[in-house]
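**Student:** In the order they appear, the protein sequences are chains A and B. For the first sequence, counting from 1, position 136 maps to 136 in the working numbering; every step adds exactly one. For the second sequence, counting from 1, position 190 maps to 190 in the working numbering; every step adds exactly one.
One thing to keep in mind: the hints can contain errors.
The list treats identical chains as one, so a pair stands whether inside a single copy or across any two.
List of simulated lysine-lysine pairs, BS3-like, C-alpha gap at most 30 Å [what the hints assert, rightly or not]: (1) K82 <-> K47; (2) K82 <-> K101; (3) K101 <-> K47; (4) K83 <-> K111; (5) K10 <-> K83; (6) K111 <-> K10; (7) K83 <-> K167; (8) K111 <-> K21; (9) K83 <-> K21; (10) K2 <-> K83; (11) K10 <-> K167; (12) K83 <-> K47.
Hints are computed from structural coordinates only; laboratory data are not their basis.
There are 2 protein chains.
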Amino acid sequence: MKLLEEHIRKHGTVLPGNVLKVDTFLNHQIDPVLMQAVGNEFADRFKEVGITKIVTIESSGIAPAVFAGLALDVPVVFARKKKSLTLTDNLYTSSVYSFTKQEANDISVSKNFLASTDTILLIDDFLANGQAVLGLLEIAEQAGAEVAGIGIVIEKSFQQGRALLEKTGFPIYSLARIASLDNEQIRFVEEEVVQ
Amino acid sequence: MKLLEEHIRKHGTVLPGNVLKVDTFLNHQIDPVLMQAVGNEFADRFKEVGITKIVTIESSGIAPAVFAGLALDVPVVFARKKKSLTLTDNLYTSSVYSFTKQEANDISVSKNFLASTDTILLIDDFLANGQAVLGLLEIAEQAGAEVAGIGIVIEKSFQQGRALLEKTGFPIYSLARIASLDNEQIRFVEEEVVQ
Numbered sequence: 001m002k003l004l005e006e007h008i009r010k011h012g013t014v015l016p017g018n019v020l021k022v023d024t025f026l027n028h029q030i031d032p033v034l035m036q037a038v039g040n041e042f043a044d045r046f047k048e049v050g051i052t053k054i055v056t057i058e059s060s061g062i063a064p065a066v067f068a069g070l071a072l073d074v075p076v077v078f079a080r081k082k083k084s085l086t087l088t089d090n091l092y093t094s095s096v097y098s099f100t101k102q103e104a105n106d107i108s109v110s111k112n113f114l115a116s117t118d119t120i121l122l123i124d125d126f127l128a129n130g131q132a133v134l135g136l137l138e139i140a141e142q143a144g145a146e147v148a149g150i151g152i153v154i155e156k157s158f159q160q161g162r163a164l165l166e167k168t169g170f171p172i173y174s175l176a177r178i179a180s181l182d183n184e185q186i187r188f189v190e191e192e193v194v195q
Numbered sequence: 001m002k003l004l005e006e007h008i009r010k011h012g013t014v015l016p017g018n019v020l021k022v023d024t025f026l027n028h029q030i031d032p033v034l035m036q037a038v039g040n041e042f043a044d045r046f047k048e049v050g051i052t053k054i055v056t057i058e059s060s061g062i063a064p065a066v067f068a069g070l071a072l073d074v075p076v077v078f079a080r081k082k083k084s085l086t087l088t089d090n091l092y093t094s095s096v097y098s099f100t101k102q103e104a105n106d107i108s109v110s111k112n113f114l115a116s117t118d119t120i121l122l123i124d125d126f127l128a129n130g131q132a133v134l135g136l137l138e139i140a141e142q143a144g145a146e147v148a149g150i151g152i153v154i155e156k157s158f159q160q161g162r163a164l165l166e167k168t169g170f171p172i173y174s175l176a177r178i179a180s181l182d183n184e185q186i187r188f189v190e191e192e193v194v195q
């Protein structure tokens, strides 16, 4: 997605350890105009597959997800993150390990908001090691919901997440795919001819 | 705001201890159409006062805030919540006590995203004891930013928050004001003739 790549080039900063900081428009400060374009792009890609619900994780997934939800006219559910859950009654839960923070968080979704009748689109802000999306997939499986696709705002294609998700067989649509951050240079994956 | 009050009446549930659950459309599952209407309503109320930035708190403030940001064409910043902050370099911080969870959280905003040149609109999903908004006001003060108003989606007018915020003198616009939840009945504050 050209507009997003331009924002990443212009406002993203590369920190040591292959960290891409995009907190001027996605992770801390949010650019609503860009997020609407991002949400519309996801909606456009998945509008024919009968999505009934969008599922994301707090907090940075919420903005792109609500705009996709608006465009598809479906509700959005965000999984909550907690160090550890004490009460798990009526919750679907999964444990997600963060390599950057080196800690595990439990994520959860109320059983009231996901059912086996749902066809869901998973949306997240970043795909790096893939643990967060795998956690969402586990929650979808617990609910018996059908996963129609995975929408990622920024994918670090050089980390293991993409490969892990491809093994699941679900359609993945990443709006910006970063091939490398070496030498503090942002290089995008070249567009494939066939999507 | 009539549409919001209808949603609260239809989908809200009252739990013991004056708790109003609205997680079908605001706190866990999000109704994007309603959130857009909410955001537009805030934008309409504060469109003449030169807002340069909207500030909210993760996670439930984000959806209404991004739609207000879209309508006003300004960026949104969400304060992050943490049990305790270890690194506070380059952060505005404030401690917020939650009466419901009986714990304090530090909230923070990067100094990169708030400045003394900003005129801000604070948005939050709930006003009960007012501690979260007071925390945001403290952060605004640290930044030297001007606060042009406070937008609240649902106010529990029978708790102390409203009175505490009124003392600050900033304009408060609550879209739904709940007078009482006694006997598990939701009663709204009667509309005032003069806004």
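**Student:** Now look at each hint and say whether the structure bears it out.
**Tutor:** Verification of the supplied hints:
no.: 1; hint: K82 <-> K47; result: neither (32 Å within a copy, 37 Å between copies)
no.: 2; hint: K82 <-> K101; result: both (14 Å within a copy, 13 Å between copies)
no.: 3; hint: K101 <-> K47; result: neither (35 Å within a copy, 40 Å between copies)
no.: 4; hint: K83 <-> K111; result: both (20 Å within a copy, 27 Å between copies)
no.: 5; hint: K10 <-> K83; result: neither (34 Å within a copy, 33 Å between copies)
no.: 6; hint: K111 <-> K10; result: between (41 Å within a copy, 20 Å between copies)
no.: 7; hint: K83 <-> K167; result: within (28 Å within a copy, 36 Å between copies)
no.: 8; hint: K111 <-> K21; result: between (34 Å within a copy, 15 Å between copies)
no.: 9; hint: K83 <-> K21; result: both (24 Å within a copy, 23 Å between copies)
no.: 10; hint: K2 <-> K83; result: neither (37 Å within a copy, 38 Å between copies)
no.: 11; hint: K10 <-> K167; result: neither (33 Å within a copy, 43 Å between copies)
no.: 12; hint: K83 <-> K47; result: neither (35 Å within a copy, 40 Å between copies)
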